[in-house]
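J.: If you want the building blocks of each chain, they are given just below.
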Amino acid sequence: MAFSLAISPHSHSQQTTGRLMRLVLLALLPGLITQWFLFGWGVIFQLLLCGATALATEALVLRLRQRPLTPLFDSSALLTASLLAVALPPLAPWYVAVIGSAFAILVAKQLYGGLGQNPFNPAMVAYVLLLVSFPGDMTGWLPAPGLAEFSVALPDAASAIFTGFTPDGYSVHQLKLAADGTTMATPLDTLKTGLKQGHALADIQAGPTFSHWAGAGWQWINLAYLMGGLFLVATGTIAWQIPVGLLLGLGGAASLAWGLAPDHFALPTLDLFSGATMLGAFFIATDPVTAATTVRGRLIYGLLIGLLVFLIRHFGGYPDGMAFAVLLANIGVPLLDKLTRPKAYGEVR
Amino acid sequence: MNSLLEQIRKGKLWDFHGGIHPEEHKQLSSQTSLLEAGLPPLLVLPLKQHIGSPAELCVQVGDRVLTGQPLTAPSSPMQVPIHASSSGTVVAIEEHTVAHPSGLSEPCILIQTDGQDSWRPRDPWPDYAERGNDELLARIHQAGIAGLGGAGFPTDIKLKGAQAYAQREPLPLLIVNGCECEPYITADDRLMRDEAAAIVEGITLLQQILRPQLTLIAIEDNKPEAIAAIRAQVKNAHTLVKVLPTKYPSGGERQLIEILTGRQVPSGKPPSEMGILVQNVGTLYAIRQAVVEDEPLIRRVVTLTGDRLAQPGNAWVRLGTSVRWLMQRFGLDPEPGQRVIMGGPMMGFTLPHADVPVVKTSNCLLAPSQRSLPSRDEEINCIRCGQCAEACPASLLPQQLYWYSKAGELDTAEQYRLFDCIECGACAWVCPSNIPLVQYYRQAKSQLRNQRQEQAQAERAKQRFADKQQRLEEERLERDRRMQAANEARRAQLKDAGGEDPVAAALARIKAKQAAQAVPTVAEDPIAAAVARAKAKKAAREAEAPEVTPAATADDALANPEASPASEAPAADPRQAAVAAAIARAKAKKAAREADAPEVTPAATTDDAPANPEASPASEAPAADPRQAAVAAAIARAKAKKAAREADAPEVTPAATADDAPANPEASPAAEAPAADPRQAAVTAAIARAKAKKAAREAAADNSAPPVPPSSKESD
Chain A
1 MAFSLAISPH SHSQQTTGRL MRLVLLALLP GLITQWFLFG WGVIFQLLLC GATALATEAL
61 VLRLRQRPLT PLFDSSALLT ASLLAVALPP LAPWYVAVIG SAFAILVAKQ LYGGLGQNPF
121 NPAMVAYVLL LVSFPGDMTG WLPAPGLAEF SVALPDAASA IFTGFTPDGY SVHQLKLAAD
181 GTTMATPLDT LKTGLKQGHA LADIQAGPTF SHWAGAGWQW INLAYLMGGL FLVATGTIAW
241 QIPVGLLLGL GGAASLAWGL APDHFALPTL DLFSGATMLG AFFIATDPVT AATTVRGRLI
301 YGLLIGLLVF LIRHFGGYPD GMAFAVLLAN IGVPLLDKLT RPKAYGEVR
Chain B
1 MNSLLEQIRK GKLWDFHGGI HPEEHKQLSS QTSLLEAGLP PLLVLPLKQH IGSPAELCVQ
61 VGDRVLTGQP LTAPSSPMQV PIHASSSGTV VAIEEHTVAH PSGLSEPCIL IQTDGQDSWR
121 PRDPWPDYAE RGNDELLARI HQAGIAGLGG AGFPTDIKLK GAQAYAQREP LPLLIVNGCE
181 CEPYITADDR LMRDEAAAIV EGITLLQQIL RPQLTLIAIE DNKPEAIAAI RAQVKNAHTL
241 VKVLPTKYPS GGERQLIEIL TGRQVPSGKP PSEMGILVQN VGTLYAIRQA VVEDEPLIRR
301 VVTLTGDRLA QPGNAWVRLG TSVRWLMQRF GLDPEPGQRV IMGGPMMGFT LPHADVPVVK
361 TSNCLLAPSQ RSLPSRDEEI NCIRCGQCAE ACPASLLPQQ LYWYSKAGEL DTAEQYRLFD
421 CIECGACAWV CPSNIPLVQY YRQAKSQLRN QRQEQAQAER AKQRFADKQQ RLEEERLERD
481 RRMQAANEAR RAQLKDAGGE DPVAAALARI KAKQAAQAVP TVAEDPIAAA VARAKAKKAA
541 REAEAPEVTP AATADDALAN PEASPASEAP AADPRQAAVA AAIARAKAKK AAREADAPEV
601 TPAATTDDAP ANPEASPASE APAADPRQAA VAAAIARAKA KKAAREADAP EVTPAATADD
661 APANPEASPA AEAPAADPRQ AAVTAAIARA KAKKAAREAA ADNSAPPVPP SSKESD
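These protein sequences, in sequence, are chains A and B.
Here the first sequence is numbered in the numbering used here, starting from 1 and rising by one per residue.
Here the second sequence is numbered in the numbering used here, starting from 1 and rising by one per residue.
Please keep in mind that the hints were generated in silico from the structure rather than gathered at the bench.
Quick list of simulated restraints, FRET-style, between CB atoms:
no.: 1; chain 1: B; residue 1: Pro107; chain 2: A; residue 2: Leu339; range: 47 to 53 Å
no.: 2; chain 1: A; residue 1: Gly18; chain 2: B; residue 2: Asp194; range: 45 to 51 Å
no.: 3; chain 1: A; residue 1: Leu339; chain 2: B; residue 2: Arg452; range: 27 to 33 Å
no.: 4; chain 1: A; residue 1: Val348; chain 2: B; residue 2: Lys468; range: 40 to 46 Å
no.: 5; chain 1: A; residue 1: Gln197; chain 2: B; residue 2: Glu409; range: 53 to 59 Å
no.: 6; chain 1: B; residue 1: Glu225; chain 2: A; residue 2: Ile33; range: 48 to 54 Å
no.: 7; chain 1: A; residue 1: Arg296; chain 2: B; residue 2: Lys235; range: 47 to 53 Å
no.: 8; chain 1: B; residue 1: Gln453; chain 2: A; residue 2: Val348; range: 21 to 27 Å
For every residue, glycine included, the Cβ atom is placed at its ideal position computed from N, Cα and C.
One chain only, chain B, in its complex shape (with noise of 0.2 Å):
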């Protein structure tokens, strides 16, 4: 570093990549002195002027305030407070259009000036040489200073930054920012030919609280009167004036760097970290106003220009003045469609309308006519002719940032190093397709800066739901133990005190609703329901023939095992439900006609049980299906069937099997209906299994009949 500066010593300038010359136009306002704009009759004061939050509103409607008197109160570092820039009452707190390139509104305090411009009791320093540099610092964050230039970054807070440096090691650089490369603004210029004394007591201020080893002033040759009344004025060895080639933009923070340093400050990082502090001379004019006249910020340099205006100039303009009364006392002409410009042409915004308040960064109002910025031309296809990237400060690849953001191919645009683009202007300046470059970058960055908030937003919210996930996880999981031990200790009463098993009855229940609606839609052709419903029906009747005995129902029973797996059918086709049902037509008349031989015995009834167990390992099946519902049913009916005969077994009469046979009939409708409603099939095989069940458990007792299958619990 120590080399690097004996190198600006000597005086060598660097260059940075690109640039361009436009035409100045700055002769327009820069002849005349420094005038006052006077007291507008109300002020329009925005609660926020700078880049950060608004510090805390400390007046209300109808209070009565004095020129210097601070209207907000920042409690943190990022909030910068605004001053009432004349005596008056504050007529109004509400939202207001401010300068901002959408013609936004934002909360605004109005005050009704009352022409006397009162002071609050001022404290001035003219012995600011004694004061520790926190004082030093205070006052100047107290003073509401943020970059004067037109960023509007809060001064103290950069300061902070240089003196942090300082405090490790010696600053090498303080450079003030005299270039003021824009077109038509000349505030800067008039500043420093008019004020050059009070500029150099500023600059004396910053090297008292920061002791940089070298201060470089850098103006550009275009101002050789502000040259020379600045070099009257120093006379220290350590501060140099720079006098730099005009090109735009060198007035840019980083690109002033590079012409001063040769060095580039890394992207993303302030130049604070290479020991470097930039200030602009109107923010040195401001701290040395602050400090030694204890006047905050309340007025700033404004150029007026353009040459719809009959006054141009420059003139001190109370913060908070409208556009509309400054154009008036500077004698706006009108043309149609007029264009009324905040800043320069190369970055300044076009206002909607003249109700808009001058503020900190306002450096420069201009009324231009259609003849000497002519409105840009129509817009047509890139050719790819590079001279964007020719003229890119940043050096960076205008025509592919173009292609990139307007394709929509933000991440790739961001490859391209987006944010690294300073909205110079100069690469739409020299654009030969009239293509508004500057404009497509804004867009993208600010889709790219929604899409990353919108990122964090639905992180954020994924966590939160993540965690309302686990909270209800951990929940269920303890009302689960909860439940389970409270069950437990039923279950254990329930024993003790030898009764049924309600839950295992209940869940048999909630089970068989589950299968059934598990299989709520069953491709159903009514049609083809109704036929095999009829011959089922018809079947019955047959089944239920007169010649039928108590004996032959009982060899029915027999049959009916075997009909089961038969009786699944119905419910995948109704076709199939057809062929069953005659098939078990057929088996039923022929164990009828079976049954009318003499030699059957009630005997033939135990020939019953071998089937049963064949039929058991089928009730297996998930009764996911109606067909299974079926099965189930079936197997369920004649396990009850059985399980009722083998409990009545001890007294097997006539009688018992005689009780049975009504169900036969029951059995075959039964059949059908899984076919017509799965649901009641699955009601049926319900109902069968709670009798089979509460029938097992009865024949268990004894000992005699086979319990529900444990499996049948699994698969159900």
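Next comes chain A alone, as it looks inside the complex (with noise of 0.2 Å):
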């Protein structure tokens, strides 16, 4: 009576790579219904030409890298694209989209090995290459509803993003353009540029950019993802210690300066609820790979990204600097695993 062997333990928890990838997608889908519904179709079509994309360019590599074809199906790549997409200006030329999901799997995460082996966020990599390769592209964010000259339909927003053009003829500048015939930025961007060109901050915030508490529609995105990251947090896929480190750093650092500056600096729930910091905070630092493994490690990792972003929204060159931020935190990571190792069971140090 011969027996098959095994190596123990023989019993295991039924997770799996995917079945977390797949969560966190999921997770996604508050803040992406949110972003749809804000700014229209625009976000679904980023969304399938970075997955598609993404998925193309994962199954080529693992063709030439002849490998099995398996982790096609750990949505990973999926979820790099969407988080890519998520990022983009709705109606940013497909290319943007292409070149950028094609390098994020393709440079980001291929090149460095394939899954758990890149030391970079991919949708950030990715990100950030677009942000310098494409800046006017990569800038123009459609005006939140009700402020926008024209309404994006459906066809609309396909034709501009493959032509530049609205089936009417409109460019996708003219789209941009909100009711009273300015070019309409992000409230971020509106801030820094006000602020820069000597207007109070008051004078700024009583703009139609603006709610009367964070920056109007950008207010319900975030809270939107901040649902969705509080599902994963509940469901133990992502470790807490990342996303209340980063909300600590950036609202701590803001808090502080509107207290000691409130002529210059909003209120911290502006800067909380604009822009990338939800979906940052839950879903973009918190990529298991490239963040820290530690207890300790990942809170400073946290606090260290939302400093980060602090620096770069209101002493830097750009106006939200979350993919800068986890860049640089991800740089950190070796040396903070390094760095806080907790003590083990008996240890004496």
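Relying on the hints, combine the two individually framed chains into one complex.
T.: In structure tokens, the structure reads:
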């Protein structure tokens, strides 16, 4: 009677990487739907473009590397693509999405050896590449509903993304115009430009881009991502230390600045509920591959990103700084992991 | 410690880091009372069933043995005896597959049972309360008891560790481990339910030996019947039943201590250093049986479970019973690729086949279906999710350990506390990438242990070598001293006898040989050498011209010292050799022409003398290379000639110079020789030197010739 041999433990939680990734994708839905509601079908087109390109690139590289195609089904490429897609302006030209997601998978992920091997967050690497390559396309967001001069329907979005013009002949630039004929920017952008031009903070915030506590429209997107993120924390899919650290770092610095110079710094809620704050805190910084792994390391990692976001937003050259902050913190991860090793059971230090 | 005991009494419980909650599957086997598995026809008893070394055999093939009869006799505490689990005949003592993850074979005693199960005479001690500690501990040792919880550590050693503490100060805690946290296993659960009184008597026994301030019986809350059964038997204010929340691996000794006391056992130290002794309920039952009934450890409760067994349950199994027999008895219905696991699903190991005996540490045999315990999926890349670190009950970083173990950075893995890993498998259980983490750690640990063993061996070998070198050196020095003494004596003897110094001559010969051997590889250009040889020959022939007179050859000798520096060239470069040969030829011709002059007298030979001292310094040059050998040869020759001449001086005649002449034509082929063959040059040189020395010595008698310069001895 010969038996099969196996390695202990013979029991397993039945948790899989693919399931973790799909849970994160699921948690993205509220934010995605909110973005679609606010900015229209462009969001969905970007998602489809990025997803298809990422999967195709992953398949191609796996073939080139003569590896089995099973990693295609772990949904990690799809997650990377989704995170990039929601960070792209809804009417960015199609090649922006294609170049970005191909670069994320090919260079930032597979060139390092594929899943789990990349030191930098692939979606953010791609985002930064696009930001420096297509600055115009990457900074123009559509106005929030009610502020826009033109409404963008599904065929308009498709046509604008693939040809640059709507069927009615409006250019993407025209679509971005607000009702008053000025170019529309995100609340953070408006704030930065306004302050630079010497306007008073109160005047700027009185503009249509702002709600009374954050940016118009953007606060709903951030709330939606917060909701999805809380779901991930509750299910144990992500470690709570990173979002908590990040929000503490950003919120703490913003509060301090607001407390010290209320004439120059807005309420901390503006920082916390504008731009990519919640998306970054719960979905991007928490990418396990590129984040710190120890409990204390994760907390410090989060704090560091929060602090960097604050510095870039208020003292740097970009209106938002999530991508740069995450990439900078990625650099510190090996050191953080090394310095924050917990005390083992019975260890005498 | 007292305030801590107070907190414990009040019911405080602590927790350990991490842990997991796998599906329990305990109902499968816990529903029926303990059964007797029965007597198998053959018992296979491995000599070693514990941590330590096997004891000495004390039976032979063919011996009839009785139930409970010792089969091995221990001669040290780490040796634990084994006993005949039933009466019968020893049919073989041979290697047999044992219960080990690698399926290795170890020496076993095979007993064919007679079915009688007749006992050796027994000496029950119902009066154990009257017995001394030493007596009791000796009995526990003789009964072959080793931790039944799974580790198999000799129980009496553990008890003696705690006893040593108890002799210094009161032992604070005796912990009875009834957690049984692994899924599927219910052996302790069933034992507590069915034999609570005996277990509590075992506890009383240990309390008698160790006098602990407090005794805690720890049981997980998924065993309410066992808790009730034990509670019913405990009638002692110093013994508390502690109900723990179910969590794997709370039954790990160190984790259990942390749950009950909030303190961690220092890494690498036994709990007895903290005044804590932990014993498994099965071990306590075995202790009680050994002391009260004089029943050594010949049987244990084994959980037979898994959904491929027709009648899962718990049974008393005689040690040595084969898994095959048990699987038949409990109705294994194998599926394709059936696994049979000895131990639980977390830490147990699969058996290669059914012919493996149950031993002291076998608490469970699990025959699961693929459906209930699916095979591990293929391992994929780690995504650093860190769930392993959250699950680790030892607060390690399994992901980093995995990384370093896999990369072979074993030292770093050790810095990450690899050896604090208890191999519970919680990390691998949670891993979404299906990485068999524990397996990596086991491999890294054994690699490190091997490395350490090899290092120790290398260290020993190095020490041995150094010792040997020193011994040899001492011997050599001693030998040298003796030889020197003997030499001195002989030299003194020779001096007394006034004879020649053969040692010096021998030394000269040896040195010449060494000089020659030192340059065995001179780049030779055979063509150039041949050309040089031909030219030299031609020069020689010309030197031998018929008009040469004895006087001319004498002048030739004068030319010779000049020529010798040139004769060093051939050795270095055949081309130079040719040039030198040409120069030599020219000089020879010139000398010959000059020799034709009528005013030349034999007195001219005395001109030779001043040239000689110039030549001798050159002979100081080390004969390391052929060039120098050639120089030395030439110088030696010159010296020899001069010495010869001087020695002959009183009766110098043309004839004497004529004798010298034949040496001259020889000299030129010799000068070319170094180029062709350095060894030959060296030999020639040696011969010349020897001749020179001899001549010098002879001349020294007259005090008229310079002796061999002492410096040449050094340089040689």
